[in-house]
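**Student:** In case you want the letters, here they are:
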Amino acid sequence: MNLSGSVGQARVPNNRFRFILAGVVGLALWLPLYLQLERLAGFFSFRLLGLAPASKFGEAVRFFVYETPKVMMLLVLVVFGVGIIRSFFTVERTRAILAGKRESAGNVLAALLGTVTPFCSCSAVPLFIGFVTAGIPLGVTFSFLVAAPMVNEIAVILLYGLLGWKVAALYMGTGLLVAITAGWIIGRCGLEGWVEDWVRELQAAAVVQPDVRLNWQDRLSYAGREVRDIVGRVWVYVVAGIAIGAGIHGFVPPDFMVAIMGREAWWSVPLAVVIGVPMYSNAAGIVPVVQVLLEKGAALGTVLAFMMSVIALSLPETVILRKVLKPKLIGVFIGVVASGIMLVGFLFNAVL
Amino acid sequence: MLIQICGPGCAKCHETLKTVQQVVAELGVAATVEKVTDFQAIARLGIFATPAVVIDGQVKCVGKVPTSNEVRGWLG
Numbered sequence: 001m002n003l004s005g006s007v008g009q010a011r012v013p014n015n016r017f018r019f020i021l022a023g024v025v026g027l028a029l030w031l032p033l034y035l036q037l038e039r040l041a042g043f044f045s046f047r048l049l050g051l052a053p054a055s056k057f058g059e060a061v062r063f064f065v066y067e068t069p070k071v072m073m074l075l076v077l078v079v080f081g082v083g084i085i086r087s088f089f090t091v092e093r094t095r096a097i098l099a100g101k102r103e104s105a106g107n108v109l110a111a112l113l114g115t116v117t118p119f120c121s122c123s124a125v126p127l128f129i130g131f132v133t134a135g136i137p138l139g140v141t142f143s144f145l146v147a148a149p150m151v152n153e154i155a156v157i158l159l160y161g162l163l164g165w166k167v168a169a170l171y172m173g174t175g176l177l178v179a180i181t182a183g184w185i186i187g188r189c190g191l192e193g194w195v196e197d198w199v200r201e202l203q204a205a206a207v208v209q210p211d212v213r214l215n216w217q218d219r220l221s222y223a224g225r226e227v228r229d230i231v232g233r234v235w236v237y238v239v240a241g242i243a244i245g246a247g248i249h250g251f252v253p254p255d256f257m258v259a260i261m262g263r264e265a266w267w268s269v270p271l272a273v274v275i276g277v278p279m280y281s282n283a284a285g286i287v288p289v290v291q292v293l294l295e296k297g298a299a300l301g302t303v304l305a306f307m308m309s310v311i312a313l314s315l316p317e318t319v320i321l322r323k324v325l326k327p328k329l330i331g332v333f334i335g336v337v338a339s340g341i342m343l344v345g346f347l348f349n350a351v352l
Numbered sequence: 353m354l355i356q357i358c359g360p361g362c363a364k365c366h367e368t369l370k371t372v373q374q375v376v377a378e379l380g381v382a383a384t385v386e387k388v389t390d391f392q393a394i395a396r397l398g399i400f401a402t403p404a405v406v407i408d409g410q411v412k413c414v415g416k417v418p419t420s421n422e423v424r425g426w427l428g
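Top line first, the protein sequences correspond to chains A and B. Per my numbering, the very first residue in the first sequence carries number 1; after that it's consecutive. Per my numbering, the very first residue in the second sequence carries number 353; after that it's consecutive.
Chain A on its own, in the form it takes in the complex (with noise of 0.2 Å):
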């Protein structure tokens, strides 16, 4: 292991044991406690409370007692473990390797990268200037600008967590190939010229990198820090989504959804991404949305469609990248990546 500067000689090696016990000690503690919530739940709402397990109150009660602490463990659990594969990828180094790729290959990379790079949407634009005076082209830009945001970790874990594996796989492959495809089509446009004037005569920069290495121990407490910064963040999306959810889960009749946004409305998908685009959430307050709205009847395809609209595509977004793309790239990206998202909601609901 590479220790590096005054930081890291100053750290006794015992520290690295010390991380890896408590790693395993709090694994320990996780899994089994994780396994006994549902019993612990039911234990909370029936006789601790004593409410009648067949009651609308009851079961909503014993739905938020059951969901609310398992979605933020699975929740603590995984932006741990993606925090270390993060303290392995910057965006810098996402543009080197970029930088010599041609399209189709560099849109599935891109796309990928997008998925683990470290990134906040208010970095967009930067990010875009640095990928497009590095060479990389338009179209693979655009795959990394349309994964990041919607294929993250917490989405797919969100959809585990909530709606089971199949859905949680179905959401990340077909995102990833969204954001592959529409960046693969925008680049065959050939829309360079819609790119502000600015930023194309920008010279290309020097990429500033800090030298920073980093040990085993910066990357845990790296991951430790992410989990402190993005649970706080939204668990409070997460508590609201699943009282929500449980209001619904308890009192509203199990087809209530089936009209409006069932299989046999088509207009559903369309109507779901037009909704979904001005919309902003992020993936913690939009899952424990979409998971009531299927248990009510809803068609995959179409939630599927509203959840990736929403995530992936929002009106803030667009505003800041106003600053480097002309209105009719804005126009021609949100147009490509909706009609994308608007297949797969046709698609899930034409083939489940």
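There may be inaccurate statements among the hints.
[As the list claims (entries may be wrong)] Think about it this way: if two alpha-carbon atoms lie no more than 27 Å apart in a straight line, the pair counts; the simulated DSS-like pairs of lysine-lysine are:
hint: 1; chain 1: A; residue 1: Lys70; chain 2: A; residue 2: Lys56
hint: 2; chain 1: B; residue 1: Lys387; chain 2: B; residue 2: Lys370
hint: 3; chain 1: A; residue 1: Lys101; chain 2: A; residue 2: Lys323
hint: 4; chain 1: A; residue 1: Lys101; chain 2: B; residue 2: Lys387
hint: 5; chain 1: B; residue 1: Lys387; chain 2: A; residue 2: Lys323
hint: 6; chain 1: A; residue 1: Lys101; chain 2: A; residue 2: Lys326
None of these hints come from the bench; they were simulated from the model.
Place chain B on chain A using the hints.
**Tutor:** Just chain B, lined up with the frame of chain A:
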């Protein structure tokens, strides 16, 4: 000493600014802390991920909020 905090002004950028200002005050360093929000200016500094911290023209950190300890290391 000139400390530049680059970023359009999202939550993470504010957090970075706060951390840096705190450490500057704590160490009593004579430094000007300024925000760089213009994308063109940020790009010219060679920065492609925000928030970023630049001290006297030298990029110290890119794409993440630094810890106070890291900032102390740069200023000390």
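**Student:** All the hints need checking, so say for each whether the structure fits it.
**Tutor:** Each hint, compared with the structure:
In summary, the hint linking Lys70(A) to Lys56(A) is supported, as the alpha carbons are separated by about 21 Å, within the 27 Å threshold. A hinted pair counts as satisfied when its Cα atoms are at most 27 Å apart, and Lys387(B) with Lys370(B) qualifies at roughly 11 Å. Distance hint between Lys101(A) and Lys323(A) is fulfilled; the C-alpha atoms sit about 26 Å from each other, no more than 27 Å. For a cut-off of 27 Å, the pair hint linking Lys101(A) to Lys387(B) is broken: about 35 Å separates their Cα positions.
For the hint pairing Lys387(B) with Lys323(A), the CA-to-CA distance comes to about 19 Å; that is within 27 Å, so the pair holds. For the given pair, Lys101(A) sits about 25 Å from Lys326(A) by alpha-carbon distance, which is consistent with the 27 Å threshold.
Hint check: a violation occurs at hint 4 only; the rest are consistent with the structure.
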